[in-house]
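Asks: Here's the letter readout for the chains.
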Amino acid sequence: MTLLEARDLHVEFTSRGRRARAVDGVNLTVGEGEIVALVGESGCGKTTLARTLLGLERPASGTVRYGGTPLAYSTRALKAYRREVQLVPQDPTGSLNPRHTVYEAVAEGPRIHGLRDERQRVASALSRAGLRPPERFFPLYPHELSGGQRQRVVIAGALALDPGVLVADEPVASLDASVRGEILALLLRLRAELGLSALVVTHDLGLAWNIADRVAVMYLGRIVESGPVEQVLGSPSHPYTQALLSVLPDSPAPVVLRGEPPDPTRVPGGCRFHPRCQVLAAGKAAEAGVDGRCRSQPLGILPAASGPQVACHFAEGSRTPA
Amino acid sequence: MSEATARRREGIARFWRDYRAQRAGLYGAAILVAAVLASLATPLVTDPSGLDVTRATGAKMAPPSLAFPLGTDESGRSILLMIMWGSRVSLLIGFLSALLSMVIGTVVGITAGHFRGWPSAVLMRVTDWFLVLPSLVLALVLAAILGGGTSTIVLAIGVTSWASTARLIRAQTLAVEARPYVERSRVLGAGHWHVMTRHVLPNVAPLVLANTTLTVASAIVTESTLAFLGADSGQASWGSMLRGSYDWGAVTSGAWWYVLPPGLCIVAVVLAFTLCGRALEAVLNPRLRGAA
Amino acid sequence: MTPSERQPETRVTAEAGTRPGRLLDLRDVAVTYRSTAGDVPAVRGISLDLAEGEALGVAGESGSGKSTLAMAVLRLLPRTARVGGEILLDGEDVLTMTWGRLRAVRWASASVVFQGAQHALNPVRRVGAQIAEPLLVHGLATPAEARSRVAELLEQVGLPGWRARSYPHELSGGQRQRVMIAMALACSPRLIIADEPTTALDVMIQAQVLTLIRSLIADRGIGLIMISHDLSVLAATCDRLAVMYAGRVVETGPSREVFAGARHPYGRALAEAFPTVGDFASRLAPRGLGGDPPDPMRLPGGCSFHPRCPVALPSCSWREVGLWPAGRTPGDAPPPDTVPSPHTAACVHVLPDPEAVPDPVTRPGTGAGPEADPEAGGADAAPAARPAKESA
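Protein chains in written order, with the working numbering: chain A, 1 to 322; chain B, 1001 to 1292; chain C, 2001 to 2392.
Because the hints were derived from the structure by calculation, they are not lab data. Computed from a prediction, not measured in an experiment: that's the story for all the values here. Worth double-checking, as some hints may not be accurate.
[Claimed, not checked] Okay, the calculated beta carbon distance ranges per label pair: (1) B/Arg-1116 x A/His-113: 23 to 29 Å; (2) B/Pro-1202 x A/Gly-17: 35 to 41 Å; (3) B/Gly-1011 x A/Lys-79: 30 to 36 Å; (4) A/His-113 x B/Gly-1011: 58 to 64 Å; (5) A/Leu-115 x B/Ala-1038: 49 to 55 Å; (6) A/Leu-115 x B/Ala-1205: 49 to 55 Å; (7) A/Lys-79 x C/Leu-2076: 48 to 54 Å; (8) A/Arg-18 x C/Leu-2095: 53 to 59 Å; (9) A/Arg-76 x B/Ala-1038: 53 to 59 Å; (10) A/Arg-76 x B/Leu-1037: 40 to 46 Å; (11) B/Arg-1116 x A/Ala-80: 20 to 26 Å; (12) B/Arg-1023 x A/Gly-17: 33 to 39 Å.
Note that beta-carbon positions come from the ideal geometry of N, C-alpha and C, so glycine has one too.
Whole structure, please, built from the sequences with the hints as guidance.
Replies: See the structure below:
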């Protein structure tokens, strides 16, 4: 069953006097007990999408839905929404107020929402996040904890509200290599024990392979390919996904794309990836007779289905005759 | 959470250890404690009737003697007695107007920093207006319009001196609001009040404290200046004593005992507050801590 | 090769064979930071070497001492640091150089690419001027020559020459990192130390920068020391790897061998932390290591990794093993003196008989080492037996 959903979502900013289409039409769902990875380069709009799903940004158009109900942006509705959708931020050190103890940091959510049995809630959240015995951590300040422990405290803070979905923005990017696996294992265990769903935003395909059921690849404000992890990362259809996979340290034939990730204030016409597309540049699109469409015909927005999907003229063209 | 209390106490102990390392701050604190104790003890050890012109017992403009250790003024009142009672007025006005100034400045600063958009713009324009206005003139006008009295002087000083504090607090608020833990708090469901009181205020409080101490010093100077210019509270203060000495030509007639004591008192107390304020800043502001 | 029980637990020395053209030679380097709370040993006796045109990857977590080690090479550490041992750059000891000589060496022979390129560049100066600065300061070029050299350098790192006129904020993260590399190349150094050069970058940009670094080593014979916590990136870029834990090298050897078949449990954990996409063993099974990196002021006794070690033996809590040959089959490892770059690991499990507890006389601290085996006077001799060196 679908829990969290983005429906035809557009988010815009004004950047140096120009309109930036940070999220430019996205359909995405996170089902109950499902872990979805949203991958892409920095500047592709994945963090903006995550913030919009958390209700921190208001979409220009489209809706965020939880359990089928569209999110309203009144103070009361947002507060109720916070109990269901919680954040695991990128930088646990910055995300903890240095003047608050572990207890206060975890109790902050229950206090805001006026929940009862605060102490017991905090204790159980901490132990579920793997900090046992919880009482030992109550009086500690963030600077007395290691990076991994801080991330566990932040996760406990989210768990104290019994949310249905965690939105994790690069949850292990600022952690040490050996601690990384432990935090990812924790997300998997929370899913197994509490049925907690998660949307994990990352630039790291290995992380998606490690913990996600489904993956959505984002490029310049749109999802260009999505589907089950084994399928999308095992046999990618979109040239962009192929390129991302090819530059992983172990891969045999890296396709290093030229140029920097493009500018959301200047979205190219046609397929938005075409200026950097290696398939188009190599002439394979021309052989398939789709190069004209690549340059001029925009692609539709991918629907939020769980099966494999790709937004690419070449991939569609090569699939249809087969 | 007795353990948390213990840790708080430990924090206070750490603060005191750091503060003790600031030698100048210790001297300042010593002077302040002495001044405050003396002014508190004044009604217990002296008789205020000596301040009444009609009941003054000494000779006019007498130099220091055993009976009047600091001499007398033009009406034959004891300068020492006036200094002691004057310290009460000067310190009270200094503290109260600094408090008023800090409350206004902190509220305006946090509000302007927390709410972006038009409320912030309006508040900051008002602040700028107060900042560029010659505050001494404004205070004089205010004191003249509102009539005499301690509360008027407090109001006049407080209302004209909060603008720079507001700017400072706003800048610090913006810095705190940009921290990820404020965003995390929002995601947890926190409203404006929660963010402002639980995250912003505790983080700007050290700055407020250090700044208040400095503001007290300038408030005492402003009070003296106002009194010297004629806008006094009706009670003897160090500023009004300077005014009196000027009116009666104490300098030209060589009555140094009328000019120096109030002047030196002002300098000593203002210096003490400034030393304390700087020491507090050095201890509480982590960015200055390394440089100290 | 079977050592008698009375021998110190180390056979591999830094004098391993005759490696030609040795550019950098670290011999028993130790760095201790003095602080109010006491001495913090950040690097505890490390011996490594680097040949021209070779790339050495140093892997480890924050606090493992890897950045301290790199900074020590050019004496870039704060005043509170005490450095012991020898750091030979082209045979000359960096630690005993005069300041003038050191300044010349810093630019002409060796340079550093720092992590966080946005902070290492001056925001109010054009990048061209920043690249040209060392050339002009050292009188290596006239302003006109410097301009053309800057354009050349920018081309080499894949940026158009007109970018010299840009300010740092006009560049993207990857472009800034390339400017940093161009700056490091300006005086044609023979050694480059790159501290987490790609950590803040996206995969695609990271691939671009790594490709650039690889081609520079290959084309110019530059020696590279690359520091990262990402073993997979190091393995793809470097010829050899050294894995650091708590201020010591715990495993070293050819990249492929260390990455694919680490013998030290910590090396293994680091290798597994970054899974290979498509490897079904790691699918939905992230692997990590329990516990936290140790506090350098309170290092556990014995093997400093034992509290987190999944395969620790009871003896590990007091017994510390130095680097040992760790070929595929422990007993058959060729003598280290005959191969240029042996695979070694500092773990009891690479010993021929891990369970064989040595004679109590050789327990750490009793210092039975040197007289038992004269060869162990080499730089990597059992560290526990010779802690005195660090206070030198």
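Asks: Does each hint hold? Answer for all of them.
Replies: Hints versus structure:
Remark: the range hint 23 to 29 Å for B/Arg-1116 to A/His-113 is upheld by a beta-carbon distance near 25 Å. Range check, B/Pro-1202 to A/Gly-17: Cβ separation about 38 Å, and the 35 to 41 Å hint holds. Separated by about 32 Å at the C-beta atoms, B/Gly-1011 and A/Lys-79 satisfy the suggested range of 30 to 36 Å. For A/His-113 paired with B/Gly-1011, a C-beta distance near 29 Å fails the hint of 58 to 64 Å.
For A/Leu-115 and B/Ala-1038, the Cβ-Cβ distance of about 53 Å falls inside the hinted range of 49 to 55 Å, so the restraint holds. As the Cβ distance of A/Leu-115 to B/Ala-1205 is approximately 28 Å, the hint placing it in 49 to 55 Å is violated. Range check, A/Lys-79 to C/Leu-2076: about 51 Å between beta-carbon atoms, so the 48 to 54 Å window is met. For A/Arg-18 and C/Leu-2095, the Cβ-Cβ distance of about 54 Å falls inside the hinted range of 53 to 59 Å, so the restraint holds.
Against the hinted window of 53 to 59 Å, the Cβ-Cβ separation of A/Arg-76 and B/Ala-1038 comes to about 57 Å, which satisfies the hint. Hint check: A/Arg-76 to B/Leu-1037, Cβ distance near 54 Å, so the stated range 40 to 46 Å is violated. At about 25 Å, the beta-carbon gap between B/Arg-1116 and A/Ala-80 stays in the expected band of 20 to 26 Å. Look at B/Arg-1023 against A/Gly-17: about 54 Å separates their beta carbons, and that is not inside 33 to 39 Å.
Hints 4, 6, 10, 12 from the earlier list are contradicted by this structure; the remaining hints agree with it.
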